[in-house]
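Peer 1: Spelled out from the first residue to the last, the chains are:
2 protein chains.
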Amino acid sequence: MEENSKYIKRCFTLAEKGVGFVSPNPLVGAVIVKDDKVIGEGFHQKYGEAHAEVNAIENSKEDVAGATLFCNLEPCVHDKKQTPPCVPLIIEKKIKKVVISNLDPNPEVNGKGVDALKKIGIDVETGILEEEGKELNKFYFKFISQKQPYITLKLAQSIDGKISASKKEQTWLSGPESKKIVHQFRHSHDVVMVGAKTIRTDNPLLTVREVKGRNPIRVILDGKFLLSHSYKVFNTNSEAETWLIVAENFSGKKKIKSFEARGIKVFPLKSDRDGKINITDILKLLAEQKITSLFVEGGQQVFSQFLEANIWDELFIFQSPRILGQGINSFELNNAVPLKIHEVSKTGDDILFHIIR
Amino acid sequence: MEENSKYIKRCFTLAEKGVGFVSPNPLVGAVIVKDDKVIGEGFHQKYGEAHAEVNAIENSKEDVAGATLFCNLEPCVHDKKQTPPCVPLIIEKKIKKVVISNLDPNPEVNGKGVDALKKIGIDVETGILEEEGKELNKFYFKFISQKQPYITLKLAQSIDGKISASKKEQTWLSGPESKKIVHQFRHSHDVVMVGAKTIRTDNPLLTVREVKGRNPIRVILDGKFLLSHSYKVFNTNSEAETWLIVAENFSGKKKIKSFEARGIKVFPLKSDRDGKINITDILKLLAEQKITSLFVEGGQQVFSQFLEANIWDELFIFQSPRILGQGINSFELNNAVPLKIHEVSKTGDDILFHIIR
Numbered sequence: 001m002e003e004n005s006k007y008i009k010r011c012f013t014l015a016e017k018g019v020g021f022v023s024p025n026p027l028v029g030a031v032i033v034k035d036d037k038v039i040g041e042g043f044h045q046k047y048g049e050a051h052a053e054v055n056a057i058e059n060s061k062e063d064v065a066g067a068t069l070f071c072n073l074e075p076c077v078h079d080k081k082q083t084p085p086c087v088p089l090i091i092e093k094k095i096k097k098v099v100i101s102n103l104d105p106n107p108e109v110n111g112k113g114v115d116a117l118k119k120i121g122i123d124v125e126t127g128i129l130e131e132e133g134k135e136l137n138k139f140y141f142k143f144i145s146q147k148q149p150y151i152t153l154k155l156a157q158s159i160d161g162k163i164s165a166s167k168k169e170q171t172w173l174s175g176p177e178s179k180k181i182v183h184q185f186r187h188s189h190d191v192v193m194v195g196a197k198t199i200r201t202d203n204p205l206l207t208v209r210e211v212k213g214r215n216p217i218r219v220i221l222d223g224k225f226l227l228s229h230s231y232k233v234f235n236t237n238s239e240a241e242t243w244l245i246v247a248e249n250f251s252g253k254k255k256i257k258s259f260e261a262r263g264i265k266v267f268p269l270k271s272d273r274d275g276k277i278n279i280t281d282i283l284k285l286l287a288e289q290k291i292t293s294l295f296v297e298g299g300q301q302v303f304s305q306f307l308e309a310n311i312w313d314e315l316f317i318f319q320s321p322r323i324l325g326q327g328i329n330s331f332e333l334n335n336a337v338p339l340k341i342h343e344v345s346k347t348g349d350d351i352l353f354h355i356i357r
Numbered sequence: 001m002e003e004n005s006k007y008i009k010r011c012f013t014l015a016e017k018g019v020g021f022v023s024p025n026p027l028v029g030a031v032i033v034k035d036d037k038v039i040g041e042g043f044h045q046k047y048g049e050a051h052a053e054v055n056a057i058e059n060s061k062e063d064v065a066g067a068t069l070f071c072n073l074e075p076c077v078h079d080k081k082q083t084p085p086c087v088p089l090i091i092e093k094k095i096k097k098v099v100i101s102n103l104d105p106n107p108e109v110n111g112k113g114v115d116a117l118k119k120i121g122i123d124v125e126t127g128i129l130e131e132e133g134k135e136l137n138k139f140y141f142k143f144i145s146q147k148q149p150y151i152t153l154k155l156a157q158s159i160d161g162k163i164s165a166s167k168k169e170q171t172w173l174s175g176p177e178s179k180k181i182v183h184q185f186r187h188s189h190d191v192v193m194v195g196a197k198t199i200r201t202d203n204p205l206l207t208v209r210e211v212k213g214r215n216p217i218r219v220i221l222d223g224k225f226l227l228s229h230s231y232k233v234f235n236t237n238s239e240a241e242t243w244l245i246v247a248e249n250f251s252g253k254k255k256i257k258s259f260e261a262r263g264i265k266v267f268p269l270k271s272d273r274d275g276k277i278n279i280t281d282i283l284k285l286l287a288e289q290k291i292t293s294l295f296v297e298g299g300q301q302v303f304s305q306f307l308e309a310n311i312w313d314e315l316f317i318f319q320s321p322r323i324l325g326q327g328i329n330s331f332e333l334n335n336a337v338p339l340k341i342h343e344v345s346k347t348g349d350d351i352l353f354h355i356i357r
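Chains as they are written, first to last, in the numbering used here: chain A, 1 to 357; chain B, 1 to 357.
These aren't lab readings, by the way, just hints derived from the structure by calculation. Keep in mind that the hints are not guaranteed to be accurate.
Below, in silico cross-link-like pairs of lysine to any residue (SDA-like), each with a Cα-Cα straight-line distance of 20 angstroms or less [stated by the list, open to error]:
| id | chain 1 | residue 1 | chain 2 | residue 2 |
| --- | --- | --- | --- | --- |
| 1 | A | K340 | B | P176 |
| 2 | A | K340 | B | D349 |
| 3 | B | K167 | A | N334 |
| 4 | A | K94 | A | I39 |
| 5 | B | K167 | A | K168 |
| 6 | B | K346 | A | E332 |
| 7 | B | K168 | A | E332 |
| 8 | A | K168 | A | Q326 |
| 9 | A | K340 | B | T347 |
| 10 | A | K346 | B | V344 |
| 11 | A | K168 | B | N335 |
| 12 | A | K346 | B | P338 |
| 13 | B | K340 | A | R322 |
Please read these numbers as outputs of a predicted model, since none were measured by experiment.
Work the whole structure out from these sequences, hints included.
Peer 2: Printed below as a string of structure tokens:
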């Protein structure tokens with residue numbers, strides 16, 4: 001049993017190497033063990049490319065016949081995808097036993113992979129470190145089961161709950177260590193999202209610079225479609241994709257075209273009279289675009305909308321060691337929101353609250 | 001050397017038993033050691049009563065002649081006080097050696113006690129765990145050296161920096177564990193202070209109920225002298241003393257008398273036209289009244305005044321795990337205040353920030 005946990009943990013570690021590159025696929029790692037010796041390892045490296053099991057088999061230094069395959073997710077059996085299914089390969093290669101952490105929640109697989117293996121006489125164990133496996137693939141699990149991206153909110157505020165000292169310009173509130181964590185989050189999420197006001201006051205790039213990683217798609221919420229295309233996010237298309245979500249009844253064809261001419265994708269959605277778009281409509285759009293994870297970086301209105309709709313998964317609040325004593329509140333809500341604080345830690349001089357809904 | 005630290009630490013532990021009862025005197029513990037054995041212990045138990053050294057000598061099971069006296073503060077030599085000085089007693093009892101943590105900052109003693117002991121041929125060592133000794137007696141050291149009470153600010157807020165959801169009524173923001181810590185602070189400080197608005201919205205008792213201890217003097221700041229005497233603090237005189245600080249030009253003799261008739265001490269101080277009294281004038285008044293420590297519990301205006309004046313020593317912020325999203329800000333300042341966060345810890349469900357200026 002301890003052996004199972006050890007190799008499944010190794011699968012998790014391998015799987016994590018795919019963070020940022022495999023979405024909307026899950027993170028998967030695979031280890032092949034024969035005579036108590038690892039003979040092959042692999043992970044799913046990039047969306048559209050080979051699965052972890054295939055890579056592990058190909059990387060094996062010995063014949064895999066009679067070996068045990070460890071894999072954090074159930075091997076696939078369906079062919080509704082870009083690469084051939086893994087189960088037939090496992091059978092063909094005469095793998096003797098398969099040990100799995102999670103069944104694939106995808107209804108095309110969900111248990112069918114295990115059934116197919118068992119039917120042919122392959123020994124299968126499931127549920128090893130199940131919770132850790134679900135945590136690793138929390139984006140995928142939510143996306144598949146709820147048809148919504150996993151939502152991580154992040155804000156930097158002063159100890160007295162201000163995200164900026166003034167409406168007009170940015171107050172830089174977090175230290176270099178916190179910035180690194182934020183860039184790591186950008187790398188791991190499919191999309192980074194901010195509202196129009198954040199673009200106007202901070203003019204951020206929203207790319208990954210402080211750590212090694214790939215840039216997420218930048219999604220800008222601008223219901224009233226008031227932003228000009230002078231901002232950085234609209235002029236750095238070669239670095240990262242930018243999408244603009246606007247209210248249908250605030251969007252003229254000409255303006256849309258002027259953004260599209262710069263390579264920006266514009267998505268008009270229905271809204272209320274003030275150009276406010278329902279969060280669920282935004283999430284529906286993103287899910288249709290195969291976005292499994294959303295990193296929301298501001299500002300007050302966007303945070304407040306997610307909290308009021310009660311649609312979010314995790315909230316990270318970086319508290320900068322200062323009292324601003326005036327400025328923009330982190331949130332403006334009609335009703336208080338009780339929170340479950342999962343962890344409080346120091347990152348440089350900042351205090352990081354990790355909150356799970 | 002390790003022996004010295006061990007017995008001085010024991011002095012600290014003994015001294016702490018005097019917390020809440022010896023002010024404006026310092027906290028002092030004494031240990032008498034003969035042939036590597038503790039033969040007597042004592043501490044300063046109550047203002048006006050015997051000093052630690054005297055108690056330790058009196059409690060000794062053996063003759064103290066030839067013994068070593070450990071004491072966290074320099075023995076006194078002056079007689080400008082309620083009890084006879086300790087140095088002559090030490091000499092009379094033929095104590096051989098005296099080991100001290102801190103010299104007494106009081107100019108009536110400061111080194112003179114040590115000199116008198118040395119002069120008679122008694123061996124004296126000083127400076128053992130000096131910083132810990134100063135920390136233990138931080139109220140006394142500040143009071144003596146700066147002629148101002150030590151100031152501890154405490155607030156309970158939501159994670160988004162609100163001390164209340166509404167102007168009109170109290171929002172209960174901290175859990176039972178935090179409440180205990182607050183009551184412990186009330187016990188250890190000479191005075192607990194709040195502004196008139198806190199009295200009006202919370203109608204607090206400001207006594208020590210959650211832990212064993214003595215009640216501090218309750219000082220209410222009401223520049224404009226608008227409070228009626230219907231509130232709890234003005235009707236529980238048998239439990240704790242209440243002082244009222246008001247602006248001179250807002251205070252009629254008749255109203256003062258009506259409070260005095262209830263046993264409330266009223267202190268009229270000069271103010272600006274709006275009845276705002278300078279913090280330094282308040283501190284001067286308190287120092288004249290021999291108040292060595294001040295525990296400030298609210299509200300927004302009082303906190304902000306202390307922060308703007310930059311006159312405070314420690315700040316404790318209890319953050320309740322919720323977002324209020326509206327309400328009263330913890331502070332209203334014209335300028336941001338950078339902070340040094342000394343420690344962040346959990347107390348029940350709350351997160352406690354301990355900040356030292």
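Peer 1: Hint by hint, work out which the structure violates, then give me just those numbers in ascending order.
Peer 2: Result: hints 5, 6 break, sorted rising.
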